[in-house]
Amino acid sequence: MSSDWLERLGGYPGVWKRRHLLGLEDLSAEEITCILDKAVVFKQLLAEGHRRIPLLAGKTVCNLFFENSTRTRTSFGLAARRLGADVVDFSAATSSLSKGETVIDTARNLEAMGIEAVVVRHRTPGAPHLLAQNIHCSVINAGDGAHEHPTQGLLDIMTIRQLRGRVEGLTVALVGDIAHSRTARSNIWGLKKLGAHVIVCGPSTLVSPRWQELGVEVSYNLDEILPRCDVLNLLRIQFERQTRRPFPSVREYAHLYAMNRQRMARTKPDILIMAPGPINRGVEMTAEVADGPQSAILPQVTNGVAVRMAVLWLLAGAA
Amino acid sequence: MSSDWLERLGGYPGVWKRRHLLGLEDLSAEEITCILDKAVVFKQLLAEGHRRIPLLAGKTVCNLFFENSTRTRTSFGLAARRLGADVVDFSAATSSLSKGETVIDTARNLEAMGIEAVVVRHRTPGAPHLLAQNIHCSVINAGDGAHEHPTQGLLDIMTIRQLRGRVEGLTVALVGDIAHSRTARSNIWGLKKLGAHVIVCGPSTLVSPRWQELGVEVSYNLDEILPRCDVLNLLRIQFERQTRRPFPSVREYAHLYAMNRQRMARTKPDILIMAPGPINRGVEMTAEVADGPQSAILPQVTNGVAVRMAVLWLLAGAA
Amino acid sequence: MSSDWLERLGGYPGVWKRRHLLGLEDLSAEEITCILDKAVVFKQLLAEGHRRIPLLAGKTVCNLFFENSTRTRTSFGLAARRLGADVVDFSAATSSLSKGETVIDTARNLEAMGIEAVVVRHRTPGAPHLLAQNIHCSVINAGDGAHEHPTQGLLDIMTIRQLRGRVEGLTVALVGDIAHSRTARSNIWGLKKLGAHVIVCGPSTLVSPRWQELGVEVSYNLDEILPRCDVLNLLRIQFERQTRRPFPSVREYAHLYAMNRQRMARTKPDILIMAPGPINRGVEMTAEVADGPQSAILPQVTNGVAVRMAVLWLLAGAA
Numbered sequence: 053m054s055s056d057w058l059e060r061l062g063g064y065p066g067v068w069k070r071r072h073l074l075g076l077e078d079l080s081a082e083e084i085t086c087i088l089d090k091a092v093v094f095k096q097l098l099a100e101g102h103r104r105i106p107l108l109a110g111k112t113v114c115n116l117f118f119e120n121s122t123r124t125r126t127s128f129g130l131a132a133r134r135l136g137a138d139v140v141d142f143s144a145a146t147s148s149l150s151k152g153e154t155v156i157d158t159a160r161n162l163e164a165m166g167i168e169a170v171v172v173r174h175r176t177p178g179a180p181h182l183l184a185q186n187i188h189c190s191v192i193n194a195g196d197g198a199h200e201h202p203t204q205g206l207l208d209i210m211t212i213r214q215l216r217g218r219v220e221g222l223t224v225a226l227v228g229d230i231a232h233s234r235t236a237r238s239n240i241w242g243l244k245k246l247g248a249h250v251i252v253c254g255p256s257t258l259v260s261p262r263w264q265e266l267g268v269e270v271s272y273n274l275d276e277i278l279p280r281c282d283v284l285n286l287l288r289i290q291f292e293r294q295t296r297r298p299f300p301s302v303r304e305y306a307h308l309y310a311m312n313r314q315r316m317a318r319t320k321p322d323i324l325i326m327a328p329g330p331i332n333r334g335v336e337m338t339a340e341v342a343d344g345p346q347s348a349i350l351p352q353v354t355n356g357v358a359v360r361m362a363v364l365w366l367l368a369g370a371a
Numbered sequence: 053m054s055s056d057w058l059e060r061l062g063g064y065p066g067v068w069k070r071r072h073l074l075g076l077e078d079l080s081a082e083e084i085t086c087i088l089d090k091a092v093v094f095k096q097l098l099a100e101g102h103r104r105i106p107l108l109a110g111k112t113v114c115n116l117f118f119e120n121s122t123r124t125r126t127s128f129g130l131a132a133r134r135l136g137a138d139v140v141d142f143s144a145a146t147s148s149l150s151k152g153e154t155v156i157d158t159a160r161n162l163e164a165m166g167i168e169a170v171v172v173r174h175r176t177p178g179a180p181h182l183l184a185q186n187i188h189c190s191v192i193n194a195g196d197g198a199h200e201h202p203t204q205g206l207l208d209i210m211t212i213r214q215l216r217g218r219v220e221g222l223t224v225a226l227v228g229d230i231a232h233s234r235t236a237r238s239n240i241w242g243l244k245k246l247g248a249h250v251i252v253c254g255p256s257t258l259v260s261p262r263w264q265e266l267g268v269e270v271s272y273n274l275d276e277i278l279p280r281c282d283v284l285n286l287l288r289i290q291f292e293r294q295t296r297r298p299f300p301s302v303r304e305y306a307h308l309y310a311m312n313r314q315r316m317a318r319t320k321p322d323i324l325i326m327a328p329g330p331i332n333r334g335v336e337m338t339a340e341v342a343d344g345p346q347s348a349i350l351p352q353v354t355n356g357v358a359v360r361m362a363v364l365w366l367l368a369g370a371a
Numbered sequence: 053m054s055s056d057w058l059e060r061l062g063g064y065p066g067v068w069k070r071r072h073l074l075g076l077e078d079l080s081a082e083e084i085t086c087i088l089d090k091a092v093v094f095k096q097l098l099a100e101g102h103r104r105i106p107l108l109a110g111k112t113v114c115n116l117f118f119e120n121s122t123r124t125r126t127s128f129g130l131a132a133r134r135l136g137a138d139v140v141d142f143s144a145a146t147s148s149l150s151k152g153e154t155v156i157d158t159a160r161n162l163e164a165m166g167i168e169a170v171v172v173r174h175r176t177p178g179a180p181h182l183l184a185q186n187i188h189c190s191v192i193n194a195g196d197g198a199h200e201h202p203t204q205g206l207l208d209i210m211t212i213r214q215l216r217g218r219v220e221g222l223t224v225a226l227v228g229d230i231a232h233s234r235t236a237r238s239n240i241w242g243l244k245k246l247g248a249h250v251i252v253c254g255p256s257t258l259v260s261p262r263w264q265e266l267g268v269e270v271s272y273n274l275d276e277i278l279p280r281c282d283v284l285n286l287l288r289i290q291f292e293r294q295t296r297r298p299f300p301s302v303r304e305y306a307h308l309y310a311m312n313r314q315r316m317a318r319t320k321p322d323i324l325i326m327a328p329g330p331i332n333r334g335v336e337m338t339a340e341v342a343d344g345p346q347s348a349i350l351p352q353v354t355n356g357v358a359v360r361m362a363v364l365w366l367l368a369g370a371a
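Protein chains in written order, with the numbering used here: chain A, 53 to 371; chain B, 53 to 371; chain C, 53 to 371.
These aren't lab readings, by the way, just hints derived from the structure by calculation. Remember, predicted model here, so these are calculated numbers, not experimental data. Keep in mind that a hint or two might mislead.
Claimed, not checked - Only some residues are given here: those of chain A computed to face chain C with a beta carbon under 10 Å:
(1) 111
(2) 114
(3) 140
(4) 142
(5) 161
(6) 162
(7) 163
(8) 164
(9) 165
Heads up, the beta-carbon is just placed ideally off N, CA and C, and yes, glycines get one too.
Using the sequences and the accompanying hints, generate a full structural model.
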């Protein structure tokens, strides 16, 4: 039976050699494409009504979240369970960290209990890398500060590829709070590797001109770039990550950068509107854009489960 | 095998057409009876030692609780797992709501991950109805402010029916904090539909005389109605839901409304003492009443799991 | 299939008659040995890759934790799931206790929902005993104040027995905060029953001379006893359990009692360094000791899952 699922997936891919997924900056285009291809199969299997694809039966996945999360934690949990894995939920609030234990000791302890993969979110950039160097099981970065959030980047790219048929040659603008966004970083690395043209756009306080050095177009004027874009990924204003307010007011931000009916009239007709969520309605976009025909926000969420199944299987399913 | 369970349940009932359970006010007597009849079968199956009745295998139920809960959340979780469903626990404390997301967006996101039923508790009356209008999966109201708590009403009525053999013609008094009690409302609608005589009894600050317009007897004097009652449902004084104290003191409340040995001597000998819990011992009743031979408090809890299995199956088990 | 597992375990042991595990003080040497022997088999089965040994299929285990915990709650949860049981996680933060319910009422309610075992942690010594007297299902003490933590004692002893081949005749020192340590108490009772020589060692403010009356050696000088010890169990300084600081400074404590390279040079070469964790690196021991070749800290954690599988099976698996 396990072999039937493997057949549907085209076998365990020879190209895949990694034990950890720490960021898209490290991956080759071939590796990213491998994950996306497998995610498409998992999505198809889910759509056919298969809710238990027990390729990770007997394995245990630990959600080790040191920051609040709804969708990412739940999405990984569902992905793991649909692969037949057990899931251990660990959150900072109920942990021994309040007793002074280090993150590495916590992870080592969980590993000693018999866990095959750790999905970690931490406010410190590099925390997942530190874990990967110190434990033997697979580490998946579910967001490390403003650094990377690779599965979010992957599900965004999967959504573009599925709804536009390709990534190469498309113009994708990431709009808003680039400075505090791990989603932006993962998207930039992944999209560039697959041949997209990437624009980062937002207030100058939130968008560094140095992105140009990495081959990314920098813009401070959404209206100017709007007609050229195939995809807009509207990043959330991360109020909780900012020590000082980087723009005069939310109203001012929305005036310059929110997608609304007027701006939609000036885009390509088949533009994709994406957002990593949770969205602030009225800030990054109006309700009619969020719920409108060009919105890919909910397909992104659906793809997230498939992408995470693919990642968990590729990392923990080899043996 | 699934067909064996269906046979024990007498098949999926033709009378059941609903996708949501929002309140007992909406249901017909026939629909309420249908739920109770199926709950009796599930209770019997559990009593025979069947702990896995996989009628919802491959389905996912999400507990979406925006208020603290022990028994309701756990009871739904156990009910779902005994039906073979996966359970996703979502609580406000760890959610994106702290990032400003709306309840509807949260629910839509969960739905996009592939969830068949949402069990929701929220402090705002009508929040489950709002969700039901905006998402496609089943919504079960697990308590919306002081409005309704339909599965609590159902398990109360199931307990009466089982221990008294009928509901019609019985006199059931709801005692205490009627104004803040969703349990009271769900009991009133359900009991009236099944032909019981309902009395609401408590301090005038907590019991509106307008209940009379709906065919409910209103009393401010427990001792006066006591000899006529077949069932007393002693509602919890919801200290946490009150902005001002509606009676001079807890001692004064207990003096007038607490069930104790003296009052028990004046009831019908086969009176049922019920309480939705958690109980405040010494406030709504003394310990000897709570733990005494007429107490149906723990059978209520046991029936709760069976009622919730019936509801989940009826709502999510059709396809 | 269930009979195959039973065969591997040598059958359900006739010596085991208990329904609860409240402390090692109550157990005979024969009962302790029975648990350890079964734990060894479970550890072997896990090592062979068996992750689902469904001896408790259809049973439900409730983690009823009124104090923060990582490893104990997770370890019990994994143990229960590997035995095929359902796990209900209940924590004080989301419970009806904030509504004034008693611990006994909470447990009775959970039991009425159909639960076979309750794993309870509470700050009050004796709370598990109170539950055991008032509910019918199995109660496992996962830590009651400074009183006992029997599964921690068992996993410590299992680790000693496995890595030293025996317990009888060994000299085991418990170092540090004896006064506030439930781990110390459970170790003392268990180790004494199996014939070890036990030393308690720490500052006089944390080590009572009255332990001598129970046949335990008392020392205030680690350096003096060091060369005689076969095992050092370095207890965590429980900063959160102390109302007043019992020693001048952490630096002073570490100077007198921390295991470091210098002290390691004066021990027997095959000494075992153990710690119940979470450890405060630099307080009870330096990093090089914690991560060094004599450290048994992670094997302790691995053994914890096996010990808890054995306990859950012995208590809840008979019927």
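Each hint tested on the structure:
1. Interface hint status for residue 111 of chain A: upheld, as the beta-carbon distance to the closest one in chain C is roughly 7 Å, under 10 Å.
2. Look at residue 114 of chain A: its Cβ gets to within about 8 Å of chain C, closer than 10 Å, so that hint holds up.
3. At a threshold of 10 Å, the smallest CB-CB gap from residue 140 of chain A to chain C is about 6 Å, leaving the interface hint in force.
4. A least Cβ separation of about 7 Å between residue 142 of chain A and chain C falls short of the 10 Å threshold, and the interface hint therefore holds.
5. Below 10 Å, beta-carbon pairs count as interface contacts, and residue 161 of chain A has one with chain C at about 5 Å; its hint therefore holds.
6. Interface hint status for residue 162 of chain A: upheld, as the beta-carbon distance to the closest one in chain C is roughly 7 Å, under 10 Å.
7. Contact between residue 163 of chain A and chain C, as hinted, is supported at the beta carbon level, the nearest pair being about 8 Å apart and thus within 10 Å.
8. The beta carbon of residue 164 of chain A comes within 4 Å of a beta carbon in chain C, closer than 10 Å, and the hint placing it at the interface holds.
9. At about 5 Å, the closest approach between the beta carbon of residue 165 of chain A and any beta carbon in chain C falls short of 10 Å, and the interface hint on this residue holds.
When each numbered hint is compared with the structure, no violation occurs for any of them.
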